[in-house]
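A.B. asks: Can you make the complete structure from the sequences, with help from the hints?
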Amino acid sequence: MYPASFEYVAVDSAEEAIDSLAEHGDREVTLLAGGHSLLPMMKSGLASPEVVVDLGGVDALSGIERGDDATRINAMTEYAAVADDEGLWSDNPVVPEAAAAIGDVQVRNVGTVGGNVAHSDPAADLPAAMLAADATIHALGPDGEREIPAADFFQAMFTTALADGELLTAIDVPHLGSDDAAAYVKKASPSSGYALVGVAVVLETDGEEIADARVAANGAFDHAMALEPVEEELVGGSLDDESLPERAAGRATDDVESYLVLDDEQASSEYRAHLLEVYAERALETAIDRVGDGSNADG
Amino acid sequence: MASEPNAESVFGSSVERREDVGLLTGDAEFTDDKLQDAAHVAILRSQFAHATIEEIDVSAAEERDGVLAVYTGADVEESGVPNDIPTAWMLPGLVTPQYRIMATDKVRHTGDALAAVVAEDRYAAYDALDDVDVTYDRLEAVTRPDEAVESDVTVHEEAPDNVAFDFELGDADAVDEAFEAADHVASVDLEQPRIIPNAVEPRAAAASYDPSSDELTVWMTSQNPHLHRVLMSTATLGHPEHKLRIVAPEVGGGFGSKIYHYPDEAITAWCAKQLGGSVKWQATRTQSYATDCHGRDHVTEAELALDSDGTIRGLRVETHAGLGAHLSQFATATPSYLYATILSSEYAIPAIHCRVIGAFTNTTPVDAYRGAGRAEGIYVTERIVDVAARELDLDPVEVRRTNLIPPEEFPYETAVALVYDSGEYEEAMDRALELIDYEGVRERQEKLREGGRYLGVGVANFVESAGLSPSKAAGELGAQAGGWEAGVVRFHPSGTVSVAVGTADQGQGHRTTLAQVAAAELGVPVDDVEVVEGDTDEVPQGMGTYGSRSGPVGGGAVAQSGRKVVEKARSIAAHKLEASEDDVEFDDGTFHVVGAPDRSISIQELAYAAYLGHDIPDEMEPGLEATSYYDPENFTFPFGTHAAVVEVDPDTGEVEFHRYVAVDDCGEQINPMIVEGQVHGGIAQGIGAALSEAANYDDNGTLVSGSMNEYALPRSDSLPEYETDSTVTPSPHNPIGVKGVGESATIGATPAVVNAVVDALEPFGVDHLDMPLTDETVWTAIDGGER
Numbered sequence: 001m002y003p004a005s006f007e008y009v010a011v012d013s014a015e016e017a018i019d020s021l022a023e024h025g026d027r028e029v030t031l032l033a034g035g036h037s038l039l040p041m042m043k044s045g046l047a048s049p050e051v052v053v054d055l056g057g058v059d060a061l062s063g064i065e066r067g068d069d070a071t072r073i074n075a076m077t078e079y080a081a082v083a084d085d086e087g088l089w090s091d092n093p094v095v096p097e098a099a100a101a102i103g104d105v106q107v108r109n110v111g112t113v114g115g116n117v118a119h120s121d122p123a124a125d126l127p128a129a130m131l132a133a134d135a136t137i138h139a140l141g142p143d144g145e146r147e148i149p150a151a152d153f154f155q156a157m158f159t160t161a162l163a164d165g166e167l168l169t170a171i172d173v174p175h176l177g178s179d180d181a182a183a184y185v186k187k188a189s190p191s192s193g194y195a196l197v198g199v200a201v202v203l204e205t206d207g208e209e210i211a212d213a214r215v216a217a218n219g220a221f222d223h224a225m226a227l228e229p230v231e232e233e234l235v236g237g238s239l240d241d242e243s244l245p246e247r248a249a250g251r252a253t254d255d256v257e258s259y260l261v262l263d264d265e266q267a268s269s270e271y272r273a274h275l276l277e278v279y280a281e282r283a284l285e286t287a288i289d290r291v292g293d294g295s296n297a298d299g
Numbered sequence: 001m002a003s004e005p006n007a008e009s010v011f012g013s014s015v016e017r018r019e020d021v022g023l024l025t026g027d028a029e030f031t032d033d034k035l036q037d038a039a040h041v042a043i044l045r046s047q048f049a050h051a052t053i054e055e056i057d058v059s060a061a062e063e064r065d066g067v068l069a070v071y072t073g074a075d076v077e078e079s080g081v082p083n084d085i086p087t088a089w090m091l092p093g094l095v096t097p098q099y100r101i102m103a104t105d106k107v108r109h110t111g112d113a114l115a116a117v118v119a120e121d122r123y124a125a126y127d128a129l130d131d132v133d134v135t136y137d138r139l140e141a142v143t144r145p146d147e148a149v150e151s152d153v154t155v156h157e158e159a160p161d162n163v164a165f166d167f168e169l170g171d172a173d174a175v176d177e178a179f180e181a182a183d184h185v186a187s188v189d190l191e192q193p194r195i196i197p198n199a200v201e202p203r204a205a206a207a208s209y210d211p212s213s214d215e216l217t218v219w220m221t222s223q224n225p226h227l228h229r230v231l232m233s234t235a236t237l238g239h240p241e242h243k244l245r246i247v248a249p250e251v252g253g254g255f256g257s258k259i260y261h262y263p264d265e266a267i268t269a270w271c272a273k274q275l276g277g278s279v280k281w282q283a284t285r286t287q288s289y290a291t292d293c294h295g296r297d298h299v300t301e302a303e304l305a306l307d308s309d310g311t312i313r314g315l316r317v318e319t320h321a322g323l324g325a326h327l328s329q330f331a332t333a334t335p336s337y338l339y340a341t342i343l344s345s346e347y348a349i350p351a352i353h354c355r356v357i358g359a360f361t362n363t364t365p366v367d368a369y370r371g372a373g374r375a376e377g378i379y380v381t382e383r384i385v386d387v388a389a390r391e392l393d394l395d396p397v398e399v400r401r402t403n404l405i406p407p408e409e410f411p412y413e414t415a416v417a418l419v420y421d422s423g424e425y426e427e428a429m430d431r432a433l434e435l436i437d438y439e440g441v442r443e444r445q446e447k448l449r450e451g452g453r454y455l456g457v458g459v460a461n462f463v464e465s466a467g468l469s470p471s472k473a474a475g476e477l478g479a480q481a482g483g484w485e486a487g488v489v490r491f492h493p494s495g496t497v498s499v500a501v502g503t504a505d506q507g508q509g510h511r512t513t514l515a516q517v518a519a520a521e522l523g524v525p526v527d528d529v530e531v532v533e534g535d536t537d538e539v540p541q542g543m544g545t546y547g548s549r550s551g552p553v554g555g556g557a558v559a560q561s562g563r564k565v566v567e568k569a570r571s572i573a574a575h576k577l578e579a580s581e582d583d584v585e586f587d588d589g590t591f592h593v594v595g596a597p598d599r600s601i602s603i604q605e606l607a608y609a610a611y612l613g614h615d616i617p618d619e620m621e622p623g624l625e626a627t628s629y630y631d632p633e634n635f636t637f638p639f640g641t642h643a644a645v646v647e648v649d650p651d652t653g654e655v656e657f658h659r660y661v662a663v664d665d666c667g668e669q670i671n672p673m674i675v676e677g678q679v680h681g682g683i684a685q686g687i688g689a690a691l692s693e694a695a696n697y698d699d700n701g702t703l704v705s706g707s708m709n710e711y712a713l714p715r716s717d718s719l720p721e722y723e724t725d726s727t728v729t730p731s732p733h734n735p736i737g738v739k740g741v742g743e744s745a746t747i748g749a750t751p752a753v754v755n756a757v758v759d760a761l762e763p764f765g766v767d768h769l770d771m772p773l774t775d776e777t778v779w780t781a782i783d784g785g786e787r
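Protein sequences, first through last, are from chains A and B.
When you line the first sequence up against UniProt numbering, it's residues 1 to 299, in that order.
When you line the second sequence up against UniProt numbering, it's residues 1 to 787, in that order.
Calculated from the structure, these hints are not laboratory results.
Even for Gly, the Cβ is constructed at its ideal location relative to N, Cα and C.
If we take Cβ atoms under 10 Å as the criterion, some of the chain A residues that face chain B in the derived model are:
no.	residue
1	4
2	5
3	40
4	104
5	266
6	268
7	270
8	271
C.D. replies: Structural data, given as structure tokens:
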């Protein structure tokens with residue numbers, strides 16, 4: 001509960017943050033956003049950074065900007081702002097629905113989208129939503145800006161495609177078409193509130209058939225991953241096919257030999273794998289129900 | 001709800017809690033708010049659950065900036081203090097190894113203290129802990145009580161088989177006969193896992209020592225400051241009791257965990273003496289998990305003998321109770337006299353026998369947690385009644401009804417040494433059944449099952465032995481403390497009143513309820529009464545708050561003193577009104593002569609007269625105050641019925657509440673709002689135990705549910721809407737008819753919920769499931785049944 005001492009650096013801009021990361025690059029340096037993962041880790045001794053660069057004063061990194069084809073969520077935007085954003089609920093509800101499922105009101109008012117995604121906690125809610133949304137992650141580094149597709153971003157537990165010295169600045173969430181639909185459903189841990197299993201779904205449809213599907217899960221694996229066999233089963237499927245959600249969800253663990261389902265105090269891998277199928281089915285049913293309802297979501 | 005100024009009706013009304021302004025605004029001061037300039041103590045805990053200590057090197061820690069001193073168990077030994085935390089309840093054959101405040105040659109669980117750093121600030125103190133170099137020689141650990149008694153691992157040399165006590169209650173021969181005569185025997189093996197108390201404020205101590213006067217003051221998170229004072233004085237520190245002051249300021253919850261004398265508070269006070277100044281210690285949540293006494297930890301085999309009509313003939317119970325690595329104060333009483341004695345629940349069971357083997361393990365000490373012993377005992381009986389009912393194809397409610405002790409049988413002597421004072425059991429049970437629409441739920445259950453939905457209804461009755469017994473009886477059974485409570489009622493000359501009482505609030509609202517008791521006795525406005533608790537300099541003596549005792553025993557002491565004050569005032573009134581005492585009536589704060597209402601005088605006027613001393617009866621001393629040591633003639637016995645309706649999702653094992661009904665009878669209610677609050681909190685903790693809470697150790701004795709990240713406390717959004725009601729059956733022997741309510745709901749809720757879930761799982765062939773009934777546990781049981 002009493003973290004080791006560290007040097008604290010406050011910055012005013014993303015560029016200043018990059019400079020600061022470079023300047024302290026020979027030491028263990030970390031960025032502080034909402035602090036809801038970092039501070040508990042520092043207090044429990046799991047993280048002992050020598051330098052903490054605080055992004056709290058970088059106003060330019062906050063806020064939601066609605067474009068024609070995508071909505072930009074700047075990195076320091078709090079979960080609550082995303083969960084309450086009517087435009088996002090209308091244009092791609094999988095992200096605000098996942099944001100609304102995080103923690104509690106206090107957590108959502110302080111935790112940030114960029115911090116969440118950059119941390120790649122396997123049980124966080126946003127990574128699966130970003131995969132399903134096919135979001136684009138913007139990074140700024142010493143060599144300038146680059147864009148990383150969400151599909152390439154999450155690599156392992158607490159490991160992303162961000163390089164040392166790089167800062168996640170924003171995430172672009174593409175808008176869905178009028179016949180598309182999305183959903184995020186979650187089985188929360190009764191103790192931590194994190195996802196034992198969370199499943200995000202985006203279905204692109206013509207109102208009758210599924211043209212494309214992106215289904216991703218967090219909580220079950222060492223990082224958020226697409227459930228490709230489920231996606232395969234869905235593509236070309238009819239929205240009227242009542243057995244489709246169960247059939248597709250049943251394939252959630254098809255590749256289970258090729259990756260490890262998490263096994264810990266909170267749930268065995270057997271139970272998690274089962275929950276993955278059940279919650280994938282629930283997510284698919286919810287998304288299919290929402291097709292053609294005009295807003296893509298109940299929210 | 002407004003304050004009730006009318007003294008007549010103040011007892012029994014929902015007076016607003018006067019504590020809440022300070023608590024809600026943050027003005028209230030807790031232990032860590034005291035001694036702002038004190039040095040800080042950090043305590044090094046053992047890295048391993050079981051190891052011998054080869055060496056402790058503190059030299060690097062001592063050299064750190066800001067470090068004032070580093071102490072080990074050897075330093076404590078050298079100081080010559082008694083250094084032995086005792087148990088407060090002796091049982092026949094009990095093994096009592098020395099419990100040092102810091103370990104010297106061996107550690108026995110991961111919470112054992114090894115060294116204390118005192119530093120100028122908290123960060124420096126904790127940084128220095130990393131520099132204390134301990135060389136361990138690791139030993140194998142044992143964590144389960146049933147395995148401990150068979151294990152090669154020895155926690156204490158004094159108990160080679162790890163058995164601290166082997167306790168028996170009841171008539172074994174009579175039980176054998178009952179079992180032979182009965183039509184049917186039901187049996188169940190059940191476990192009651194460890195609960196971590198999780199008070200909102202972790203334990204803390206702030207100690208100040210004045211070398212010139214030898215006065216030592218310790219502010220601490222205490223449920224019983226006087227008990228802490230006598231233990232620190234006689235058992236750990238050897239500091240003279242009259243120069244030791246213990247103060248419990250605002251205390252943020254306890255649930256039992258702050259009754260006990262732990263090493264940490266003694267270490268803090270000892271450091272203050274060593275340094276001749278002020279030091280303070282505040283536990284982190286992680287330390288609380290590792291060191292606050294856990295609750296429960298029972299492994300039980302139970303058998304119930306019944307006739308085919310459901311009439312219970314006998315109950316046989318054998319329990320292995322985990323005590324942890326050391327004997328805490330009530331660790332021996334909780335699984336013995338507080339457990340075996342309640343096994344009769346609300347039923348006329350002719351023969352009961354219970355054996356309890358208390359075992360040392362390499363785990364955090366176990367002691368009383370809300371419901372202590374009674375919760376475990378009622379759980380056994382209320383579970384096995386359901387198991388038996390199903391085996392006999394009888395409705396579990398009807399089996400209960402068949403065996404209820406009828407109202408005319410009170411006082412009722414059970415087969416396990418208690419005499420229940422009063423009870424209207426069927427009335428409360430029927431009220432709960434009516435509220436939950438028991439027949440309707442059963443019909444709905446049947447219909448829904450046809451459609452693949454699984455509803456379950458669970459009912460549990462309970463009796464609680466509250467107040468912790470008369471002193472003489474407790475002494476005969478091995479208690480090292482009394483069961484009385486002290487209360488002072490003192491009029492000030494101006495007519496306002498101070499009450500001092502030896503109970504100690506941790507959020508219960510005593511300053512409100514005990515003021516109501518005094519105001520009602522004295523006939524003064526409740527706002528004219530102030531209640532002082534929690535300070536050994538302000539309160540003459542006291543036993544503290546636990547075992548649902550503050551209402552019945554603390555309230556009894558206040559009422560008795562109030563009555564003594566009224567009698568003295570009556571003598572002065574008679575003197576001043578020139579009437580015989582027998583002709584002076586007391587009504588709502590005013591004495592008047594019978595038949596002459598004009599000849600009257602208020603109790604406030606009499607208080608003034610008493611302190612003037614000019615015009616009081618000859619031979620009477622001036623002043624108007626009284627002190628009582630109220631020693632109850634018996635426990636009080638609250639009771640009630642809880643009922644839950646749940647639905648289980650067979651896909652996931654998730655349990656959803658449809659209804660939760662609680663009908664509690666705690667006798668007279670001083671403040672119905674506070675009673676309801678106690679019931680609400682108790683249900684939450686009872687449900688937590690049933691569905692989600694368990695402290696788990698791995699084979700090495702590491703607490704794997706070591707934080708709230710893994711340990712699932714119930715949350716507001718996982719709890720049902722409570723529908724509460726009450727019946728009122730006063731205690732015939734308590735001065736104010738009160739029975740106590742602090743633990744009732746925790747006792748009733750757990751078996752009601754487990755019974756409901758197991759009932760829902762009947763189609764899957766599930767007869768019993770051990771707590772906590774997590775989603776995965778339930779899903780696994782369903783999956784097993786389907787396979």
